[in-house]
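Asks: So the chains spell out like this:
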Amino acid sequence: MPDPMRIRATEQPDGVDVRILMSHEMETGQRKDSSGKVVPAHFIQTVTVTHAGKPVLMAEWGPAVAKNPYLQFKFKGGKKGEKIAVTWVDNKGETRTDEATIG
Amino acid sequence: MQENRREFIKLTGVLGLMAAAGLIAAEEAQAQQGWNKAAFEQKSTDDVVKALGGSGVSPSSDIAINAPDIAENGAVVPVAVSSKIPNTQSIYILVEKNPNALAAGFTIPAGTDPAVSTRVKMGQSSNVHAVVKAGDKYFVASKEVKVTLGGCGG
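Chains as they are written, first to last, in our numbering: chain A, 1 to 103; chain B, 104 to 257.
Because the hints were derived from the structure by calculation, they are not lab data. A portion of the hints provided could be inaccurate.
Listed below are the simulated DSS-like cross-link pairs for lysine-lysine, each with C-alpha atoms no more than 25 Å apart in a straight line [what the hints assert, rightly or not]:
{"hint": "1", "chain 1": "A", "residue 1": "K67", "chain 2": "A", "residue 2": "K92"}
{"hint": "2", "chain 1": "B", "residue 1": "K146", "chain 2": "A", "residue 2": "K54"}
{"hint": "3", "chain 1": "B", "residue 1": "K146", "chain 2": "B", "residue 2": "K240"}
{"hint": "4", "chain 1": "A", "residue 1": "K32", "chain 2": "B", "residue 2": "K200"}
Pair by pair, the computed Cβ-Cβ distance ranges are [stated by the list, open to error]:
{"hint": "5", "chain 1": "B", "residue 1": "P181", "chain 2": "A", "residue 2": "H42", "range": "19 to 25 Å"}
{"hint": "6", "chain 1": "A", "residue 1": "R8", "chain 2": "B", "residue 2": "S158", "range": "36 to 42 Å"}
{"hint": "7", "chain 1": "A", "residue 1": "N68", "chain 2": "B", "residue 2": "N169", "range": "16 to 22 Å"}
{"hint": "8", "chain 1": "A", "residue 1": "R31", "chain 2": "B", "residue 2": "K146", "range": "16 to 22 Å"}
{"hint": "9", "chain 1": "A", "residue 1": "K32", "chain 2": "B", "residue 2": "S220", "range": "27 to 33 Å"}
{"hint": "10", "chain 1": "B", "residue 1": "K246", "chain 2": "A", "residue 2": "R6", "range": "24 to 30 Å"}
{"hint": "11", "chain 1": "B", "residue 1": "K240", "chain 2": "A", "residue 2": "R31", "range": "26 to 32 Å"}
{"hint": "12", "chain 1": "A", "residue 1": "H42", "chain 2": "B", "residue 2": "S228", "range": "24 to 30 Å"}
Over the 12 Å line for every Cβ pair with chain A, so calculated as not near, a few chain B residues [stated by the list, open to error]:
{"hint": "13", "residue": "S147"}
{"hint": "14", "residue": "T148"}
{"hint": "15", "residue": "D149"}
{"hint": "16", "residue": "G157"}
{"hint": "17", "residue": "S158"}
{"hint": "18", "residue": "P162"}
{"hint": "19", "residue": "D172"}
{"hint": "20", "residue": "V182"}
{"hint": "21", "residue": "N190"}
{"hint": "22", "residue": "P202"}
{"hint": "23", "residue": "G238"}
{"hint": "24", "residue": "E247"}
{"hint": "25", "residue": "T251"}
Note that beta-carbon positions come from the ideal geometry of N, C-alpha and C, so glycine has one too.
Kindly produce the complete structure, drawing on both the sequences and the hints.
Replies: Below, the structure is given as C-alpha cells:
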C-alpha cells in the first residue's frame with residue numbers, strides 16, 4: 001500500500017484552496033540502474049479530486065511529473081467542515097484514495 | 104436428452120458472448136477513465152494537440168505560465184498555469200525537449216478556477232508550453248526555462 005497523501009484544503013474568500021502532496025516514485029522508464037538495466041516506468045496516470053460526489057479536478061499525468069507530485073488548485077462551492085477526496089491510479093493499477101476536511 | 108443438450112450448448116454460447124462483450128466494455132471503460140496514451144507519446148506540441156483531438160493551436164496572451172527562468176534542478180521544476188480564456192475546459196503542460204512533450208493535463212469542471220500548479224521534470228533547457236482548450240479551440244503560451252542540472256537521472 002502506497003504512503004498516504006498530504007492534503008490541505010482551506011476555505012478562502014474566493015474559493016477553497018487545495019494543496020496535495022502525493023508520495024510516488026514517478027519513475028520515467030528512461031533511467032538505468034547501476035547494472036545498466038532500464039528501470040521500468042512507474043508513475044501516476046490519473047488523479048481525481050471530488051467534493052460532495054462531484055469532480056472538481058481531473059488530471060492525466062505522464063512520467064514527466066516530478067517525483068512525489070505536488071498539485072494546487074482552487075474551486076468554488078466548498079465550505080469549512082466539508083470533505084474532499086483525492087484518488088490516484090498509476091500505470092501498474094495501484095491506487096490510493098485519501099480524504100481531507102476543508103479547514 | 105438430445106434436446107436438453109442442445110439447449111445447454113445454446114445457453115453457454117450466449118453466456119460466453121455476454122462475457123466477452125462485458126470484457127470488452129470493461130477494457131473500454133478503463134481506457135476512457137484513464138489516459139490518453141497517444142497524446143503522451145507525441146514529441147511536439149502540434150502532434151499533442153492533434154492527439155487530443157484539436158486541429159491547430161493559436162498563441163494567446165491570456166494564458167500565464169509561472170515557472171522559473173533558471174531551474175537549478177531539472178527533476179523538480181515548479182510550473183503554474185492560469186488561463187483567462189472564457190470557458191477554459193482543460194489545461195495541458197508540455198515540455199518541448201523532453202522525450203515526450205506532454206507532461207500533464209488537467210480537466211477543469213465548472214466552478215473550478217482555470218489555474219493549476221504542479222512540478223515537472225525537465226531533461227534539459229527547453230520551452231515550456233501551456234495549452235488551453237476552450238470549446239473546440241486550442242490556445243498556447245510558452246516560456247523558456249533554463250536547466251542547469253538535468254532531471255532524467257543523468
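Asks: Compare the structure with each hint and give your call.
Replies: Status of the hints after comparison with the structure:
no. : hint                        : result
1   : A/K67 to A/K92              : holds, 16 Å
2   : B/K146 to A/K54             : violated, 34 Å
3   : B/K146 to B/K240            : holds, 21 Å
4   : A/K32 to B/K200             : holds, 20 Å
5   : B/P181 to A/H42: 19 to 25 Å : holds, 23 Å
6   : A/R8 to B/S158: 36 to 42 Å  : holds, 40 Å
7   : A/N68 to B/N169: 16 to 22 Å : holds, 20 Å
8   : A/R31 to B/K146: 16 to 22 Å : holds, 19 Å
9   : A/K32 to B/S220: 27 to 33 Å : holds, 31 Å
10  : B/K246 to A/R6: 24 to 30 Å  : holds, 28 Å
11  : B/K240 to A/R31: 26 to 32 Å : violated, 37 Å
12  : A/H42 to B/S228: 24 to 30 Å : holds, 27 Å
13  : S147                        : holds, 15 Å
14  : T148                        : holds, 14 Å
15  : D149                        : holds, 17 Å
16  : G157                        : holds, 15 Å
17  : S158                        : holds, 21 Å
18  : P162                        : holds, 23 Å
19  : D172                        : holds, 18 Å
20  : V182                        : violated, 10 Å
21  : N190                        : holds, 16 Å
22  : P202                        : violated, 6 Å
23  : G238                        : holds, 18 Å
24  : E247                        : holds, 17 Å
25  : T251                        : holds, 16 Å
Checked against the numbered hints given earlier, the structure breaks hints 2, 11, 20, 22 and satisfies all the rest.
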